[in-house]
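These protein sequences, in sequence, are chains R and V. Residue 73 in the numbering used here sits at position 73 of the first sequence; the count goes up by one each step and never skips. Residue 112 in the numbering used here sits at position 112 of the second sequence; the count goes up by one each step and never skips.
You may find that some hints are simply not true.
Claimed, not checked - Once the Cα atoms are required to be at most 16 Å apart in a straight line, the calculated EDC-like pairs of lysine to aspartate or glutamate come out as: (1) V:LYS218 x R:GLU27; (2) V:LYS77 x V:ASP242; (3) R:LYS2 x V:ASP180; (4) R:LYS2 x V:ASP242; (5) R:LYS22 x R:ASP99; (6) R:LYS22 x V:GLU116.
As the list claims (entries may be wrong) - Below, a sample of chain R positions facing chain V; criterion: calculated Cβ distance under 10 Å: (7) PRO12; (8) LEU20; (9) GLU21; (10) LEU30.
These aren't lab readings, by the way, just hints derived from the structure by calculation. Positions of the beta carbon are idealized from the N, C-alpha and C atoms, including for glycine.
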Amino acid sequence: MKALLIEHSTPPLEVIIPILEKAGRGEQELTTQLYNTYTSLAKGMKEILGLKDKNMKTLAKVFEISLGFEGVKFEPIELSESRYALSIPDCPMIHVGKDVSFNVKSKFCDLICTSGSRAFMDTLLSPNRGTCTWDKALIKGAGKCTIAFELVKSR
Amino acid sequence: MSYQKNSVLLISILLVAVGLAFALAWLNIAKSLSYADLKTALETTTATFGTLLGIITAGLMFTQGKFSELASELTDKAPNYLAEVFSLEKMQSISTLLLALQKRFAELAATTTVTEERNLYERARVKASSMFVNLAVLLNLKLKQQGLPDTAQVSEMDPNLYKVYQKRRQGVKKEWQVFDLIQQITNIWEAPTVFFAENSRSQSALQADLTSSLSILKFKETVDKSSANIRLEASKTLSDLDNEVSEISKRLHEDKIPQLLSQMRHASTLRGKYFYLALIFIAAPLLINLLILPQLSETTAAFFQPIISITSLLSVMGVLFLLLYIYRILSE
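Bound-form chain V, shown alone (with noise of 0.2 Å):
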């Protein structure tokens, strides 16, 4: 929430500076400049965007340095992972209890005619789906590792679920991502909030909706008998899932796997914006250069004078803009 907060002011202020400044400049510099003025103007604004040039590259360059340090740290630890943490045992372990739970939910939902308790089930079967999916994946590359054929639970999925398993496993193309799929996979089960933090209500795991519907399972049991078996084995589920996923887990926080990733992703963004500056910064000084001041006569002057007007305070804005978005990075 603060995090926009700050966006909308920063561009607020940005807004209300390049409006204030685009005014005065329009109403006192371009009618009082010489052509000597504007060619030197125009030299000076190239220099400075070649200046805040060198400072964005310079962001770039220790922005895309943290990334690769982190993902060559993570790069070293995936096959780790793969090989201890996710042995071919306790995957398949894992895969066989949620496809039971979607099967189980599944079939709970298609008999269940009050609608909030059908999305309940739904939602439980729809998650389970997607850890399956994300665990399919990660044993395609483990067998892949091992030079085994794929023998991952395509079967069991059905065409709309294939897609979806197609598309992350296209998606890993780096060995750190295997990390993404495990943290999605924590992150589905058991919810990334902190305990007691958050409103469980606005983002519930897995876990929680089993619990939910165990819950409703029981009062149901205890008006008509009927779902005692259900409740029992979805319980038992229930159970060994979680010693399972939180035996995953526990590593995962224990290795700051989530502390890197995070911190990768606050690096990816950082690069981004970087690369986009520099883009502004690269292509404003080469459009001078190359189209207005090869072009800049005494008889032009005051047909250019205008441009030239927007490019200084252009690259006065620049410095501005560079100026707040430092102090940004640096605040955050």
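Chain R extracted, bound-state conformation (with noise of 0.2 Å):
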């Protein structure tokens, strides 16, 4: 597991922020290597922990090592068959630059957040059957941040 953490890992944000912001480009670049990272950590996860559903459940339980790996907190709010929900007291988002506008933060927020939550829905519920929001509370000064995922209601 921690040979499969250490593999597929991310860019640190306080570094990748700043090239991005100097290059002027790249975020196309950034949300495909997320998206392709989050994919293999999350496929990889699965098998290691012997998950063979594809339900909220898995994706709670790959979804919170993944954060503890990555040193983020967090507290589950909710866990149903349609919904998880958990909040966070830090996020790795709030320890760029202190020069980094909020504007750009927010930017970056919705990059990263839209493809890691994309690449764990789609690996560990199936494509297109979930949703995923996020307050930003963070960044914009509250104490706590809240991620929900819900499954898309079949017609």
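Take the two lone chains, each set in its own frame, and fit them into one complex as the hints suggest.
If you want it as structure tokens, here you go:
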């Protein structure tokens, strides 16, 4: 597990954001890299943990382990068949340089959470079966950020 | 954190107690004591200090005994480690990998314009240098042990690194201290924190810095194709180093070396505290017996009254302090 997490690690935000800012390009490449990395990570962890089902419980387990490895503390709020929500009191984005504006942080918060959550949901729920929302509370200055995964209601 | 809180609480309690006892004694005891009372108080104080000194000495001997026992256990293991775990081939292999890392990351840092990125590469270079120096010291000790001339990679060190090497080499005075060096090597590589338990940002290891660097290089590779070769080379070095250091780390943990070292540090700290306590409790009765008691007479009693009150109080405080201190030692 440790080897897998080391092999599929993501670029540190406090470094990659200034690089992108300076280059003025590369966002698409970063999105792709993050999606591929988190997909490989989710697949590998699912296999190591012997998780067969594609459901919220599997997603919650894998997501929490990957957060733990990145040193992100979290508090689970809800876990049901159709919804999984958790709050995080700290996030790597708030450690990004002080001179980086809220708008830039907000943009990268969306970019990272979109590609990361999409990778987890596509791998652990099935493509287009779930949605993920995040309230960006931490970068707005509030105490905790809430992330929620929900199953898309089938017609 | 809780250790700091306990210390602050303990010191606060002691200060309040000293203050209260001092005020009470000043107000009530000093004025009402006769010459005979003063002499008895001094003798009792001396006896109390003596008894406390006995207890402290017992504690000092116990912690010294524990320290010696642990040092002896580690000393017995040290030659075996240098012979088996750190073969010459292994040390040379790790040194070569670290040198390659140092050079590569120095180049990367020199050609990077983004401060955060440069800091990351620089951090990796400094940690690789530190591991390299520790390994050179171990190699020096091993060669000495085998009666071979010192061929430690001194030529690969710049003057600053050589100074660090000399300092660390001279710092190893006992055989068991090689384990300190070995543990430092594994800690620089993979951080001493427990997996998942701590925030990786607060104490990044060389391995984490290299992993982060590789992610950055991978990203740059997708943007401008400039760093493909560098990433592949660094990735191979990371993997090889991980194999080498993981083997050492595994053996250290199997032999419970980190626990033994931690117990030694704890015993050493306690020994130091007992030593200073013993000094205080030797000095105080000596002062009383040599300076105050011979001078004490009916006429000088009034002059010595405040001093005797204070020494009496000190002995009371000594008992209180020792009880609290023993409680803290037992609860640690």
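Tested hints:
1. Distance restraint check for LYS218 (chain V) and GLU27 (chain R): the Cα-Cα separation of roughly 14 Å lies within the 16 Å cut-off, and the hinted pair is therefore satisfied.
2. For the suggested pair LYS77 (chain V) and ASP242 (chain V), the alpha carbons sit about 24 Å apart, so the restraint of at most 16 Å is broken.
3. Between LYS2 (chain R) and ASP180 (chain V) the CA atoms are separated by roughly 25 Å; this puts the pair beyond 16 Å, and the hint is violated.
4. Taking the CA atoms of LYS2 (chain R) and ASP242 (chain V), the gap is near 12 Å; set against the 16 Å cutoff, the hint holds.
5. A C-alpha spacing of about 13 Å is found between LYS22 (chain R) and ASP99 (chain R), which places the hinted pair at or below 16 Å, so the restraint holds.
6. At roughly 11 Å between alpha-carbon atoms, LYS22 (chain R) and GLU116 (chain V) fall within 16 Å of each other, so this suggested pair holds.
7. Interface restraint check for PRO12 (chain R): the shortest CB-CB distance to chain V comes to about 5 Å, inside 10 Å, so the restraint holds.
8. For the restraint placing LEU20 (chain R) at the interface with chain V, the shortest Cβ-Cβ distance is roughly 9 Å, inside the 10 Å limit, so the hint holds.
9. Proximity of GLU21 (chain R) to chain V holds as hinted, the smallest CB-CB distance being about 9 Å (cut-off 10 Å).
10. Of the supplied interface hints, the one on LEU30 (chain R) holds, with its beta-carbon coming within about 6 Å of a beta-carbon of chain V, less than 10 Å.
Checked against the numbered hints above, the structure violates hints 2 and 3; every other hint is satisfied.
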